[in-house]
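A.B. asks: Letter by letter, the chains look like this.
Protein chains: 2
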Amino acid sequence: MIDLSLSRRSLLAGSATSAALATLPATAAPLTKQAKRQPLMIDEQGSFAVGGSVVTAEGTVDTYAQGTTGQTLHGDHAYISYQKPVNAKPLPLVMWHGIGQFSKTWETTPDGREGFQNIFLRRGHSVYLIDQPRRGRAGRTTQASPISTTPDDQRWFNTFRVGVWPNYNPGVQFARDPETLNQYFRQMVPSTGPFDLKLTADAIVKLFDKIGEGVLVTHSHSGGLGWQTAMHNRNVRGIVTFEPGSNFPFPEGELPAPVPSSSGPVEAIAAPLDAFMQLTKIPILIVYGDFIPAKPDSNPGADGWRARMIMARQWRDAVNRRGGDVTVIHLPEIGIRGNTHFPFSDLNNLEVADVMSSFLTRKKLG
Amino acid sequence: MIDLSLSRRSLLAGSATSAALATLPATAAPLTKQAKRQPLMIDEQGSFAVGGSVVTAEGTVDTYAQGTTGQTLHGDHAYISYQKPVNAKPLPLVMWHGIGQFSKTWETTPDGREGFQNIFLRRGHSVYLIDQPRRGRAGRTTQASPISTTPDDQRWFNTFRVGVWPNYNPGVQFARDPETLNQYFRQMVPSTGPFDLKLTADAIVKLFDKIGEGVLVTHSHSGGLGWQTAMHNRNVRGIVTFEPGSNFPFPEGELPAPVPSSSGPVEAIAAPLDAFMQLTKIPILIVYGDFIPAKPDSNPGADGWRARMIMARQWRDAVNRRGGDVTVIHLPEIGIRGNTHFPFSDLNNLEVADVMSSFLTRKKLG
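These protein sequences, in sequence, are chains A and B.
Using the numbering used here, you'd call the opening residue of the first sequence number 58 and step up by one each time.
Using the numbering used here, you'd call the opening residue of the second sequence number 58 and step up by one each time.
Think of the hints as simulated: they come from the structure by calculation, not from any bench.
Heads up, some of the hints might be wrong.
Derived CB-CB ranges, DEER-like [claimed, not checked]:
no., chain 1, residue 1, chain 2, residue 2, range
1, A, Glu408, B, Ser110, 33 to 41 Å
2, B, Asp100, A, Thr207, 38 to 46 Å
3, A, Ser202, B, Asp100, 18 to 26 Å
4, B, Thr384, A, Thr418, 38 to 46 Å
Which stretches of chain B does chain A cover? Using the computed rule of at least three CB atoms under 8 Å from a CB of chain A, they are [stated by the list, open to error]:
no., segment
5, 96–110
6, 143–155
7, 191–198
8, 379–390
9, 409–422
Built from N, CA and C at the ideal position, the CB exists for glycine as well.
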């Protein structure tokens with residue numbers, strides 16, 4: 058048995074986990090196993106709406122507010138929940154889900170372990186979780202979409218590269234019990250209104266007005282939303298993005314050709330040069346997982362990611378040519394294997410978190 | 058200055074706030090003001106889906122899971138987030154929102170103070186927050202409803218008894234700055250599917266299967282859902298309900314007449330006697346706020362609550378006649394004034410929390 062009383066006290070006092078664990082003998086259990094047993098010391102936690110719009114019906118509100126004349130509808134905001142640990146590092150992490158998802162992306166994993174929310178709280182970061190406009194807790198919308206009830210769980214199983222239904226990808230970092238899959242399918246949520254890139258990014262631009270400087274952590278569809286946000290708010294001091302899929306912005310007149318794939322072409326979008334230049338001023342890390350084919354593949358679920366990673370590398374080069382600091386990590390190339398489209402909740406998510414922590418430290422964002 | 062070091066240490070060690078504060082001299086600042094400055098010590102926090110159904114499309118899943126044949130849709134579950142403080146009391150509080158709402162009900166108040174989630178965590182209770190099936194984070198549904206974009210903020214302002222638009226009720230415990238109202242209107246969220254009493258309660262029945270014994274804390278529409286849940290799961294050891302509005306269950310053949318109001322009649326529902334009897338076996342506290350007219354009133358927003366409180370008292374009597382332990386507190390009658398339909402987030406919510414804590418202690422649920 059190892060006496061953990063010293064590190065325990067350090068943790069309770071809110072020191073950075075890594076610092077506290079540095080004092081442990083090398084034979085101690087891994088950092089993360091130990092840290093997980095410590096209480097989280099939360100200095101402040103709460104939630105709020107940010108951004109959004111208001112529509113007002115014509116006329117005057119009736120005495121007892123029956124009918125709709127003159128009434129308002131507040132919608133299209135983002136909903137934010139946050140926690141600040143004791144002695145938090147200066148820059149909060151603002152975590153943004155992908156398509157069909159909500160804050161759950163960063164919470165308890167489908168197999169019941171801690172996700173990036175808890176992992177990075179334990180590492181001393183304040184964590185903000187987004188539900189973007191027209192999704193989840195931010196479902197109040199000024200324009201409605203029909204709610205989809207199309208059975209499509211297996212399509213997502215393939216597109217998120219868990220496997221090719223009903224088979225799991227070999228070595229996939231995903232637990233194979235039925236309850237994990239049940240939880241995984243239930244972490245999706247429909248959009249309540251049409252997608253609007255500007256409207257959605259605007260809410261998070263306003264979030265950074267409110268909270269000040271921070272680091273965006275995006276996933277998949279929010280990758281493109283994150284670029285928009287950073288182009289319009291200098292409080293975004295860095296970006297870590299997992300598997301961005303769409304809406305890579307290039308300077309007007311410099312758009313690359315669409316990248317074909319068996320799930321359709323991946324296309325870039327145009328941005329004014331001065332907005333684009335803002336992306337050259339912050340450190341950016343782009344991470345992709347495993348099971349992305351090296352050559353065109355007839356499986357659209359996998360092949361789309363091949364095309365998106367090609368586009369991401371073209372985008373990295375475009376930003377870096379103008380003085381930017383973009384790194385693309387394809388996890389298998391650094392020996393981290395088996396990751397799906399959700400590396401932050403895969404079985405090896407602590408290893409993936411270490412990749413992110415290392416970037417944050419190296420770029421002085423941690 | 059008062060030396061708070063002793064109570065501070067007690068709080069950090071996870072002692073009940075009330076116990077720790079009992080050691081303070083009478084001249085110390087109020088309990089809640091002090092406690093608010095202490096970090097929350099969270100032993101565990103996370104989230105999961107519970108209950109729900111699965112629909113399966115006919116046919117066989119296509120090789121690459123395109124189309125819909127053979128695919129499944131997991132929906133109709135509840136979504137639960139929870140926190141357990143260090144040295145938590147044995148019975149968790151399971152907090153359930155009302156109509157048009159989600160977990161936000163119990164979180165940061167519209168004016169930015171702590172809601173019942175944080176207040177009761179600080180008092181040593183584990184807290185589970187529900188998004189009921191087809192709402193908010195549990196929006197994935199097997200049956201769709203059209204998303205409402207009807208402007209109706211002012212109607213809710215009246216029905217929730219903040220005032221009679223555009224006037225605030227005199228002495229209302231609600232901050233009058235524009236941003237508070239903005240946050241208040243944005244804490245609503247549409248239903249993604251039709252309301253189904255049994256389907257909705259079933260998810261929370263399964264929650265109590267999973268977590269074991271606990272106390273339900275319901276609001277408004279979930280009052281009726283809470284009775285259903287408790288009738289079908291003995292792990293519900295007590296109920297505190299704020300302003301229940303509908304679905305009061307009476308034994309078959311013993312239904313009272315509908316109570317008329319200017320917002321329409323309030324009707325009881327029937328329950329099998331053996332299910333009803335379960336409600337006589339647990340302590341139940343029903344709380345109503347202020348601005349409920351004593352006599353029939355032409356303002357439907359307010360008058361509906363008069364009728365609902367009449368029904369609640371009839372229900373109390375029906376349960377207590379068969380040996381139950383139901384108390385109805387109309388807050389103005391015990392000198393607590395100015396409360397809206399959301400007493401737990403009103404400006405005096407710490408005073409309201411004290412009423413609830415006192416009940417929990419008295420009934421050995423705390």
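A.B. asks: Okay, which hints does this one fail, numbers in order?
C.D. replies: 3, 4, 6, 8, 9
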